[in-house]
Each structure stands twice: as C-alpha cells, then as structure tokens.
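Asker: Letter by letter, the chains look like this.
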Amino acid sequence: MSEFPGASWLDRYAQRVNADAEMGVIGDWLSTTFTLTFGDARHALVVDKGKIVKIIASPRFDVRAPFGFRAPVEVWRKFLSPNPPPLYHDFFAMLMRVPEFVIEGDSLIAMQNARALHRMMNIMRETGAPNG
Amino acid sequence: MADFEPIVGRYITVDIAGEKHRLFVEEAGQGIPLLCLHTAGNDSRQFRHVMNDKELTDRFRVVAFDMPYHGRSTPPDKWWLKKPRLTTALYMQIIRAVWTALGLDRPIVMGCSMGGAIVLKVAADYQNEIRGIVGLESSAYAPGRYNEFLHHPAIHGGELCASYTYGLNAPTSPEQNRRENWWYYSQSGPGVYQGDVHFYSNDWDAREDIKTIDTTRCKVALLTGEFDYSCTPAMTEQVAASIKGSRYTMMKGMGHFPMIENYPDFRPYLIGALDHVAA
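For the protein sequence lines, the chains are A and B, in the order given.
Residue numbers for the first sequence follow the working numbering, beginning at 1 and rising by one.
Residue numbers for the second sequence follow the working numbering, beginning at 1 and rising by one.
Next comes chain A alone, as it looks inside the complex (with noise of 0.2 Å):
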C-alpha cells in the first residue's frame, strides 16, 4: 500500500517543514491555509507562522484556502523522486513548463510567499514519496 500520497506522508511532511532551520528564518509572515491536490485527494495545510498546524484531509466548502497547487499523481510523483527529471525539479519550472500542475486561486497571495512557500515545496521534494 502506497503511503504517498495519504496522512502519513503528509505528517511526516508537516514535521519536516516545522524543524527546518531556514523556514524558522524566513516562516514568520506565512499564516495561511493552501491545498494540495494529489489526483482526486485533496488537503488543507493551515500553515501560522511557518508551520504546519494542521492537515485536513477532503476539505468541506466552510475551510477557506485561498490558493492552492493540483497537478496528478503522476506530476506529484516525477517531482517527489530522487533525481527529478528536468521540467520536474522545481515547482516554479513545472508552472511553466507541466500544464497538469496548476496554480488554484488568489496566486497573489501565494507570491507575497514566494520564499518561504518555495521553500516548503522543496523540503517535500526532499520528503520523497519513499512508497512511490
């Protein structure tokens, strides 16, 4: 049975961003709720301060994300591997470059966190989906 992408991977997840050294110099201003859209499983990660407080597996309509990132399982997983391909190494690349991966919502929002949002999307490339 694949752990990723379930609630054990996201909690191993959540506890490697909230003992990051950088996202504790850079976390401060990131108090918000984003989705991430594995397929047809969606999550909302409610960050305060740079940590991940909690997860809420198949948010209902009265949990307000305003932005988020989809993409199928597939994309997830080329971006989680080892050795990325290239298009697939970075979450700015794959905007570009991988139509499946989508931007959702107020993307202003997500770019006043350009830094510490791309940091967190790189520890969960470093997080792996070791059961891929």
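Please note that the accuracy of each hint is not assured.
What the hints assert, rightly or not - Straight-line distance between alpha carbons at most 25 Å, and here's what the computed SDA-like set of lysine to any residue pairs gives:
(1) A:Lys49 x B:Lys83
(2) B:Lys252 x A:Glu126
(3) A:Lys78 x B:Ala154
(4) A:Lys49 x B:Thr172
(5) A:Lys78 x B:Pro233
(6) B:Lys252 x A:Arg77
(7) B:Lys252 x B:His152
(8) A:Lys78 x B:Pro171
(9) B:Lys244 x B:Gln187
(10) B:Lys252 x A:Lys51
(11) A:Lys51 x B:His156
(12) A:Lys49 x B:Ser186
(13) A:Lys51 x B:Tyr141
(14) A:Lys51 x B:Lys83
(15) A:Lys78 x B:Gly144
(16) B:Lys83 x A:Gly39
(17) A:Lys49 x B:Pro233
(18) A:Lys49 x B:His152
(19) B:Lys252 x A:Arg125
(20) A:Lys78 x B:Ile155
(21) B:Lys252 x A:Val75
(22) A:Lys78 x B:Arg179
(23) A:Lys49 x B:Ile155
(24) A:Lys51 x B:Ala154
(25) B:Lys252 x A:Lys49
(26) B:Lys83 x B:Arg22
(27) B:Lys252 x A:Asn122
Note that these hints are calculated values from the structure, not bench results.
Start from chain A and add chain B according to the hints.
Answerer: Frame of chain A, contents of chain B only:
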C-alpha cells in the same frame, strides 16, 4: 599581505543612445578579449569564477560589466520617469558602447540567458568584427517568462525574483553556489529584472537573423544545461540547426546559470567552447 584576487574593477562613462551612462567594468587576464554578458536582473559578479581561472586568464582578457540599472552601474538621468525596459536595439547599443570604449579588438562575446540570446544578434550584425560567440543558454525566441508579479507593490520583488530564478539551477548544483546567485538576484532594483525579462520574453525574436551568421568568419559555440526550463536544450538545438557550422553541446546535470551555479563542472565545457571559437 592581503590575498587579493586578480580581478580589477573600474568605472567608465559611455554614451548610449544619446545618454551618458556610468558603468562598472571588471576584468582579469591578458590575451584575446572575452566580453561576458550577465543574465537578466543580475550583474557581472556571475563571472567571478571565470575571471579567477588562471588557465583562462593566461589566454584571455576576460571583461565583464554591469548593465545600466544593474549591480554597481547607475541608471541614466531621469530614470524615475520611465520604466526600465530593455529592448533588442538598446541592448545592442549598450554592448557596442562598452566594447568600443574598452578598445576590444575582435573579441569573443559570451553571454548567458538574455546575454546568451543577444550574442546571437551580435554574431549576426558584427560577424566581421568579432572572433565569435559563446552562447550560454541561448535561444532565438523565448516566450513565457514575463509576468506582472515581478514588479508589484504588494510583493517583495527581490525575494520573488530570486526564488523564481532559483529553480533554474540544476538540483544537483552545489547549494552554496545556487544561493550565491539567489543573493545577487535579490539585490536587483525594483522592476529591473522585469524590464530585462520583457526584452527576453516579449521583444526578442532572432529566428531570421541567425540564419545570416557565417561561421567561417564568426565561430559559434552553444552550451545549454540539461535542467534549464527557461531556455531548454531543445530551444538551443533549434538555434544550432539554423546556424550551419555551429557547435552545440548539452551540459549534463547543469541548469541555467553554469558559470555561477557549478563552475567546476562547467569549466571543461567552457574550455572546449573557447578552444573552438578562438581557433
């Protein structure tokens, strides 16, 4: 005794399109002039490893300069009344002004990214006056990079520009070097990177110009990184296919900033390209 690097920096004032521009120029070495052009929103510090490479500086006078508005160069007078917007024509005038002021005789012109683009036009227009070009991450047409958030009052421009370009490095390049380039990007003035990307992404189209390059007069070497998603290897392959006699090499495990992100791995590629163009 201080352990000085061999790089020497100075300021010159040149006339560009009827305006005086105070520019920062740095150089090292002696021999064939090698004029280096930095990437969008960055400055000549990207070439510090090239200028500190004794094997190269024994053969080449390596010169790099900060474009107007960039690094230690000053914007022109009344800069506050216009948006920084680089164009193909202006870029060519800037390069020509520096090259003339420094008296570079039949230089090799090397540029990366937007610099790697414009060297194609330099080769097309000045093929009788230069030895050749080394194009790093060269494309004749490169739409897709421009966006309004690169200069937006609600966004930290330095952090967005630096983060936006960070992923252009190969994931395997040393972290310290990728972060050094991140730092240079974060130091760009407001709107300068966007103005450069406007040139690169919206104004630039040399697909017809490059067909006129005669490589028996002006040698062409092209190097592009495997992980470059701004100018992909396929885009440079198209350039190479349009220039008969050009030399193209795809650099394994390299991104968009070879001279700064991973100089040790870039070096053999660079020496091969320079050997070809200087021959």
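Asker: Compare the structure with each hint and give your call.
Answerer: Hint-by-hint comparison with the structure:
This hinted pair does not check out: A:Lys49 and B:Lys83 have alpha carbons roughly 35 Å apart, beyond 25 Å. For the suggested pair B:Lys252 and A:Glu126, the alpha carbons sit about 22 Å apart, so the restraint of at most 25 Å is met. The suggested pairing of A:Lys78 with B:Ala154 is violated, with an alpha-carbon distance near 33 Å, which exceeds 25 Å. Simply put, A:Lys49 and B:Thr172 have alpha-carbon atoms about 30 Å apart, too far for the 25 Å limit, and the pair is violated.
Simply put, A:Lys78 and B:Pro233 have alpha-carbon atoms about 19 Å apart, close enough for the 25 Å limit, and the pair holds. Taken as a hint, the B:Lys252 and A:Arg77 pair is honoured in the structure, with Cα atoms around 22 Å apart against an allowance of 25 Å. Taking the CA atoms of B:Lys252 and B:His152, the gap is near 36 Å; set against the 25 Å cutoff, the hint is violated. Proximity of A:Lys78 to B:Pro171 is assessed by CA-CA distance (about 13 Å); at most 25 Å being required, the pair is judged to hold.
Pair hint B:Lys244 plus B:Gln187 does not hold up; C-alpha atoms about 39 Å apart against a cutoff of 25 Å. Distance restraint check for B:Lys252 and A:Lys51: the Cα-Cα separation of roughly 36 Å exceeds the 25 Å cut-off, and the hinted pair is therefore not satisfied. Distance hint between A:Lys51 and B:His156 is fulfilled; the C-alpha atoms sit about 21 Å from each other, no more than 25 Å. Distance restraint check for A:Lys49 and B:Ser186: the Cα-Cα separation of roughly 22 Å lies within the 25 Å cut-off, and the hinted pair is therefore satisfied.
In summary, the hint linking A:Lys51 to B:Tyr141 is not supported, as the alpha carbons are separated by about 42 Å, beyond the 25 Å threshold. Restraint check: the Cα-Cα separation between A:Lys51 and B:Lys83 comes to about 38 Å, which exceeds 25 Å; the hinted pair is violated. Proximity of A:Lys78 to B:Gly144 is assessed by CA-CA distance (about 22 Å); at most 25 Å being required, the pair is judged to hold. About 42 Å separates the Cα atoms of B:Lys83 and A:Gly39, which puts this hinted pair outside 25 Å; it is violated.
About 40 Å separates the Cα atoms of A:Lys49 and B:Pro233, which puts this hinted pair outside 25 Å; it is violated. Restraint check: the Cα-Cα separation between A:Lys49 and B:His152 comes to about 23 Å, which is no more than 25 Å; the hinted pair holds. In summary, the hint linking B:Lys252 to A:Arg125 is supported, as the alpha carbons are separated by about 21 Å, within the 25 Å threshold. A hinted pair counts as satisfied when its Cα atoms are at most 25 Å apart, and A:Lys78 with B:Ile155 does not qualify at roughly 30 Å.
This hinted pair checks out: B:Lys252 and A:Val75 have alpha carbons roughly 22 Å apart, not beyond 25 Å. As the CA atoms of A:Lys78 and B:Arg179 are separated by approximately 24 Å, the hinted pair is consistent with the 25 Å bound. Only pairs whose Cα atoms come within 25 Å are accepted, and A:Lys49 paired with B:Ile155 is accepted, the gap being roughly 18 Å. Between the alpha carbons of A:Lys51 and B:Ala154 the distance comes to roughly 23 Å, so the proposed pair stays at or under 25 Å and holds.
At most 25 Å may separate the alpha-carbon atoms for a hinted pair to count; B:Lys252 and A:Lys49 exceed this at roughly 39 Å. With a C-alpha separation of about 19 Å, the suggested pairing of B:Lys83 with B:Arg22 holds against the 25 Å cut-off. Note on B:Lys252 and A:Asn122: the hinted pairing holds, with a Cα-Cα distance of about 22 Å set against a maximum of 25 Å.
When each numbered hint is compared with the structure, violations occur for hints 1, 3, 4, 7, 9, 10, 13, 14, 16, 17, 20 and 25.
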